[in-house]
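Taking UniProt numbering, the leading residue of the sequence shown gets 1, the next gets one more, and so forth.
The hints are simulated quantities; they were obtained by calculation from the structure and are not laboratory data.
Remember, predicted model here, so these are calculated numbers, not experimental data.
Don't take each hint at face value.
Dumping the calculated DSSO-like pairs for lysine-lysine here, alpha-carbon to alpha-carbon at most 30 Å [stated by the list, open to error]:
| hint | residue 1 | residue 2 |
| --- | --- | --- |
| 1 | K100 | K117 |
| 2 | K53 | K104 |
| 3 | K53 | K129 |
| 4 | K76 | K100 |
| 5 | K58 | K109 |
| 6 | K69 | K50 |
| 7 | K100 | K126 |
| 8 | K135 | K117 |
| 9 | K50 | K76 |
| 10 | K69 | K100 |
| 11 | K53 | K79 |
| 12 | K126 | K69 |
| 13 | K34 | K14 |
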Amino acid sequence: MEKKYYKIEDVSIKTGLTKRAIRYYEDLNLIAPKRTDSGYRLYTDEDIDKIQKIISLKESLGFSLAEIKAALELDKNVKNILSGESADITTIDNYIDMIKEQIKLINEKSNKLLTAKQRFEELLLKLNKLKDQFKEADTI
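Working from the sequences, and respecting the hints, build out all of it.
Below, the structure is given as structure tokens:
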């Protein structure tokens, strides 16, 4: 099956990012679209999936672009090893440690989000109680 290629305008529409943001991700080597002979960028479905993964990590967990780049590189390297690329036990142990660090980072960010959520839930509860007090005062 032949790969389908998309222009940057199409990728912008599909991902909701500006063309400038997409180019910036390329400048940071987060994505590497194919280039035509005349220099136009051509993106694959895999590129779009990677961009959506970047958006998810950035928006949902608050990852910095440097953290995202490290996570994507780790993911790529581990997939290469799992698909048969040769690696020694030391390399595998290093990747295991790096994955544990990624999990730790995600847990930390997740806990911070949970704490923020709990604070807002407490504020909501207090505001609803205050609202109920106003309603009671109006009926008296």
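To see whether the hints hold, each was checked on the structure:
1. K100 with K117: holds (25 Å)
2. K53 with K104: holds (19 Å)
3. K53 with K129: violated (40 Å)
4. K76 with K100: holds (16 Å)
5. K58 with K109: holds (11 Å)
6. K69 with K50: Holds: K69 and K50 sit about 11 Å apart, inside 30 Å.
7. K100 with K126: violated (39 Å)
8. K135 with K117: Satisfied, since the Cα-Cα distance of roughly 27 Å is no more than 30 Å.
9. K50 with K76: holds (11 Å)
10. K69 with K100: Since the Cα atoms of K69 and K100 sit roughly 16 Å apart, the hinted pair holds (cutoff 30 Å).
11. K53 with K79: Cα-Cα ~16 Å, so holds.
12. K126 with K69: Violated: K126 and K69 sit about 41 Å apart, past 30 Å.
13. K34 with K14: Roughly 18 Å between the alpha carbons, so the hint for K34 and K14 holds.
Checked against the numbered hints listed earlier, the structure breaks hints 3, 7 and 12; every other hint is satisfied.
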